[in-house]
Structures are given as structure tokens and as C-alpha cells.
Amino acid sequence: MPMFKATRSERRIVLVPFLAAMLILGGLWGRARADDAEKWKEPSRLYDTYCAQCHGMGRNGKGINARSMAVQPRDHADAKGMGAIPDAEIIKAITDGGLSVNKSVLMPAWGKVLSRQQILDLAAYLRHVCNCGTASAR
Amino acid sequence: MSRIAGLISAVALAYFAASACLAADGKAILERRCAQCHALSKPADTSLERLRTRKGPDLYYAGVKYRRQWLVEWLEQPTRIRPAGEFYFEHIRMTPEGDVVNVESLPPHPKLSAADAAAVSDALMGLKGPDGLVKKDAFKKQAVPAMIGAMMFEKLRGCAACHMDKPGSGGLSGPELYDAGLRLQPDYVYAYIADPQRFDPHIWMPALQLSEADLQRLTGYLMSLKETPRK
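Sequences listed follow chains A and B, in order. First residue of the first sequence: 1, per our numbering; consecutive thereafter. First residue of the second sequence: 139, per our numbering; consecutive thereafter.
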């Protein structure tokens with residue numbers, strides 16, 4: 001029935017489920033955002049521990065160790081640069097170090113310190129940081 | 139004659155008594171002043187969270203790690219070993235040019251009197267950690283040409299990313315190593331480079347998987363570094 005021709009009681013009947021639907025959807029959306037933040041909490045903590053010393057608090061390649069480096073660490077917030085690197089290469093760089101992907105020896109191999117799952121989670125987190133490309137790390 | 143013998147015995151007795159007191163003193167000072175920041179026995183908690191929240195390096199194996207003479211001097215005049223403190227992430231801030239160390243946030247280390255420093259150093263040298271933590275004579279003491287060592291440290295093996303082998307040259311997140319030859323025992327250095335996670339599970343120093351030759355060369359190079367810290 002067209003809304004503009006509906007009676008007041010008919011409108012009221014539609015309004016209640018409509019409001020309920022909006023509340024539920026709004027709740028789900030908020031929950032999804034919280035889950036998202038929850039999802040990145042642990043990878044972000046790993047980053048703060050192992051990566052930020054060179055790649056920076058801001059994930060921008062400007063960590064406290066970077067000042068004396070001839071070649072700067074990767075800027076993980078740079079969508080263009082990060083978008084050009086396949087997931088497999090990111091995972092390899094973290095696992096086997098910079099030399100394994102023809103990059104600097106100053107990037108350590110973390111494969112004996114971090115678990116495979118932690119490295120996959122970090123790779124997915126890096127996609128989130130640069131907001132570039134799907135997290136196909138699983 | 140018996141008077142001289144008596145005198146000698148009295149002096150000897152007094153010496154041993156004083157040493158025993160000093161030893162008890164050192165342990166007491168450790169418990170009273172050091173235990174809140176340093177682990178004096180092997181912690182049950184080996185989590186990353188403990189590493190992130192501890193206030194200073196573990197000292198339960200200090201006796202196989204540090205050189206006694208360095209401990210005495212350092213405790214009287216502490217210098218900054220970790221440029222970004224312990225744990226580094228808690229003492230850095232962002233600037234447009236890049237992250238910098240928040241120097242004001244770094245707590246100064248207590249200074250001890252000469253007597254206390256000696257007593258505490260003796261007590262620390264008695265803390266050997268678990269059996270087999272550091273293998274004796276792993277380092278073969280062969281001389282390493284300085285140029286080779288520097289090249290390994292600065293270019294070939296990546297140490298300079300996090301550590302300084304000269305003041306002002308190298309990274310800041312790890313302890314400075316420019317006086318490693320004064321501060322650390324070589325067998326400890328060898329063992330740590332070979333397997334950092336053996337000492338600190340989850341530590342943010344990578345497991346480098348170095349060859350025996352490289353381990354010997356790097357240890358030898360670090361033992362040659364005896365720069366006196368500036369501050």
C-alpha cells in the first residue's frame with residue numbers, strides 16, 4: 001500500500017518493525033566495527049614489539065633505528081608502494097628476511113621468533129594499515 | 139712470636155668476617171634496591187608481556203654475563219646502555235622527521251657508593267643462572283681483523299639496524315655494543331647471538347641462524363669494542 005495513502009494506524013504498524021530493523025542493523029554495524037578493532041589488536045601489538053623499532057610507531061618507515069640507515073625501511077602506510085607487493089612477498093620478507101626478497105639485510109628474518117599464524121596475521125594487518133588490496137593472507 | 143701469630147690470626151679473622159659481612163650486604167642491597175626492576179631469579183612467567191613490562195634486564199645470570207670490574211664502575215657511575223630504555227616502544231614518540239627517543243621518560247639508574255658497588259658486584263657475579271645456560275669456552279679467542287668485524291656488524295649481518303658499534307652509529311632499540319668488550323663476557327655474547335630466545339623467549343632480537351665462523355667473528359669483534367661511553 002503506498003505510504004502517502006496509508007492511514008495513521010497503518011503507518012504505525014510499519015514504523016515499529018522499521019525502527020526495530022534499524023536498531024538491529026545499527027547494532028550489528030557497531031559490533032562489526034568493534035570486532036574489527038579487536039581483530040587488529042594482537043597484530044598491532046606484535047607490530048609495536050618487533051616492527052616499530054625500524055618501521056616506526058606510525059607504520060611510516062620512520063622508526064628510531066631508521067635515522068642511520070642508507071635505505072629507509074618500508075613505509076607500510078604507503079598504499080601505492082604496498083599495493084605493488086604481492087601478499088606472498090610480504091609473508092616471505094617477514095619470515096625469511098630482507099635478503100630473501102632482494103631487499104636489505106637490515107630487515108631480519110622473524111620466522112624462528114614468530115609463528116606462521118602470527119606472520120600471516122601481521123601480513124593481513126599490513127594490508128589494513130595501507131588500506132590497499134584484500135587481505136588474502138589466509 | 140706467639141703475639142705475632144695471634145696478631146696475624148686476628149687480622150685474618152677480621153678480614154674473613156668483613157668479607158662475609160660484605161657478601162651478606164651485597165645480597166641485602168640486591169633484594170632491597172634492585173629486585174623491583176630486575177629479576178634476581180629465573181621468572182616463571184616467560185611471556186612477551188613480561189618482557190614488555192620489565193623495568194631492567196634480568197640479572198639472575200649476571201655472573202655469566204657481565205665483567206665484574208665493569209659492574210663496579212658502572213654501578214658507581216651508570217651510563218645509558220639502552221638508548222631507548224626498557225622496553226623501547228614505551229619511550230619513543232613520533233615527530234614529522236621520524237620517531238625519536240623520549241629522553242625525559244628514561245629513568246636514571248641509582249648510583250651506588252664504592253663500597254656498595256663492590257658488594258653488589260660480588261653478589262651479582264655469584265648469580266650464574268641455570269646450568270648450561272652459557273657454554274664455557276664456546277668462544278675460541280681468535281683475533282678478528284677490525285675491518286672484517288665492522289663489515290659484518292654494519293653491512294653483512296644487520297646488527298647495526300638495532301645496535302651501535304660506535305657512539306652515534308647504528309640503531310637505538312637494542313643495547314649499545316660499543317663497550318661490549320668492557321661490559322660482557324665473550325661466551326655469553328656467543329650464546330646470546332646464537333640463540334637470543336634461549337635467554338628471553340619472545341625477545342625482539344632475531345634468531346640469526348649464523349654459521350660457526352660468523353658467530354666467532356662477531357663475538358671477536360664485539361670483544362674488541364671498548365669505547366668509553368660519553369654519558
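Since the hints were made in silico from the structure, they are not lab data. Heads up, some of the hints might be wrong.
[As the list claims (entries may be wrong)] 20 angstroms max Cα-Cα, derived SDA-like pairs, lysine to any residue: (1) K293/B <-> A70/A; (2) K112/A <-> Q174/B; (3) K304/B <-> R67/A; (4) K92/A <-> A276/B; (5) K304/B <-> V113/A; (6) K112/A <-> D338/B; (7) K92/A <-> K193/B; (8) K112/A <-> S185/B; (9) K103/A <-> Q174/B; (10) K39/A <-> E187/B; (11) K41/A <-> L186/B; (12) K112/A <-> K364/B; (13) K193/B <-> Q174/B; (14) K92/A <-> R67/A; (15) K112/A <-> A177/B; (16) K92/A <-> Q118/A; (17) K92/A <-> M343/B; (18) K304/B <-> A70/A; (19) K193/B <-> Q207/B; (20) K112/A <-> P334/B; (21) K41/A <-> T191/B; (22) K364/B <-> Q354/B; (23) K293/B <-> K39/A.
[What the hints assert, rightly or not] Label pairs and their in silico Cβ distance ranges: (24) A79/A <-> P268/B: 24 to 30 angstroms; (25) A21/A <-> L244/B: 33 to 39 angstroms; (26) A21/A <-> D183/B: 37 to 43 angstroms; (27) I85/A <-> Q347/B: 52 to 58 angstroms; (28) S243/B <-> V71/A: 28 to 34 angstroms; (29) K274/B <-> E42/A: 35 to 41 angstroms; (30) H128/A <-> D183/B: 45 to 51 angstroms; (31) R188/B <-> A20/A: 47 to 53 angstroms; (32) Q347/B <-> E89/A: 47 to 53 angstroms; (33) A20/A <-> T184/B: 24 to 30 angstroms; (34) H128/A <-> C175/B: 23 to 29 angstroms.
Ideal Cβ placement from N, Cα and C applies to all residues, glycine included.
Going through the hints against the structure:
1. For a cut-off of 20 angstroms, the pair hint linking K293/B to A70/A stands: about 11 angstroms separates their Cα positions.
2. Straight-line distance between C-alpha atoms of K112/A and Q174/B comes to about 31 angstroms, which puts the hinted pair past the 20 angstroms bound.
3. Distance restraint check for K304/B and R67/A: the Cα-Cα separation of roughly 15 angstroms lies within the 20 angstroms cut-off, and the hinted pair is therefore satisfied.
4. A distance of roughly 32 angstroms separates the Cα atoms of K92/A and A276/B; the hinted pair therefore is violated under the 20 angstroms criterion.
5. The straight-line distance between the Cα atoms of K304/B and V113/A is roughly 28 angstroms, outside the 20 angstroms bound, and the hint therefore fails.
6. Between the alpha carbons of K112/A and D338/B the distance comes to roughly 13 angstroms, so the proposed pair stays at or under 20 angstroms and holds.
7. Proposed proximity of K92/A and K193/B is contradicted: the alpha carbons are some 34 angstroms apart, above 20 angstroms.
8. For the proposed pair K112/A and S185/B, the alpha carbon gap of about 16 angstroms is at most 20 angstroms, so the pair holds.
9. At most 20 angstroms may separate the alpha-carbon atoms for a hinted pair to count; K103/A and Q174/B exceed this at roughly 42 angstroms.
10. About 19 angstroms separates the Cα atoms of K39/A and E187/B, which keeps this hinted pair within 20 angstroms; it holds.
11. Annotation: proposed proximity of K41/A to L186/B holds, straight-line Cα distance about 15 angstroms (limit 20 angstroms).
12. For the suggested pair K112/A and K364/B, the alpha carbons sit about 31 angstroms apart, so the restraint of at most 20 angstroms is broken.
13. With a CA separation close to 8 angstroms, the supplied pair K193/B and Q174/B stays within the 20 angstroms bound.
14. Taking the CA atoms of K92/A and R67/A, the gap is near 25 angstroms; set against the 20 angstroms cutoff, the hint is violated.
15. For the given pair, K112/A sits about 25 angstroms from A177/B by alpha-carbon distance, which is inconsistent with the 20 angstroms threshold.
16. The straight-line distance between the Cα atoms of K92/A and Q118/A is roughly 13 angstroms, inside the 20 angstroms bound, and the hint therefore holds.
17. With a CA separation close to 18 angstroms, the supplied pair K92/A and M343/B stays within the 20 angstroms bound.
18. For the proposed pair K304/B and A70/A, the alpha carbon gap of about 17 angstroms is at most 20 angstroms, so the pair holds.
19. A threshold of 20 angstroms between alpha carbons decides the hint, and for K193/B with Q207/B the separation of about 24 angstroms lies outside it, so the pair is violated.
20. The hinted pair formed by K112/A and P334/B meets the criterion: a straight-line CA distance of about 11 angstroms does not exceed 20 angstroms.
21. Taken as a hint, the K41/A and T191/B pair is honoured in the structure, with Cα atoms around 18 angstroms apart against an allowance of 20 angstroms.
22. Distance check on the hinted pair: K364/B and Q354/B sit about 18 angstroms apart at the alpha-carbon level, within 20 angstroms; holds.
23. As the CA atoms of K293/B and K39/A are separated by approximately 37 angstroms, the hinted pair breaks the 20 angstroms bound.
24. Between A79/A and P268/B the beta carbon distance is about 49 angstroms. The supplied range of 24 to 30 angstroms is therefore violated.
25. Under the hint 33 to 39 angstroms, the C-beta atoms of A21/A and L244/B, about 55 angstroms apart, miss the expected range.
26. Taking the beta carbon of each, A21/A and D183/B are about 49 angstroms apart, not inside 37 to 43 angstroms as hinted.
27. Between I85/A and Q347/B the beta carbon distance is about 24 angstroms. The supplied range of 52 to 58 angstroms is therefore violated.
28. Against the hinted window of 28 to 34 angstroms, the Cβ-Cβ separation of S243/B and V71/A comes to about 29 angstroms, which satisfies the hint.
29. Distance hint for K274/B and E42/A: a CB-CB separation of about 40 angstroms, consistent with the stated range 35 to 41 angstroms.
30. In this structure the hint that H128/A and D183/B lie 45 to 51 angstroms apart at CB is violated, the actual value being about 30 angstroms.
31. With their beta carbons about 48 angstroms apart, R188/B and A20/A fall inside the hinted range of 47 to 53 angstroms.
32. Our hint of 47 to 53 angstroms for Q347/B and E89/A is violated, since their Cβ atoms are close to 21 angstroms apart.
33. In this structure the hint that A20/A and T184/B lie 24 to 30 angstroms apart at CB is violated, the actual value being about 51 angstroms.
34. At about 36 angstroms, the CB distance of H128/A to C175/B disagrees with the hint of 23 to 29 angstroms.
Against the hints set out earlier in the document, violations occur for numbers 2, 4, 5, 7, 9, 12, 14, 15, 19, 23, 24, 25, 26, 27, 30, 32, 33, 34.
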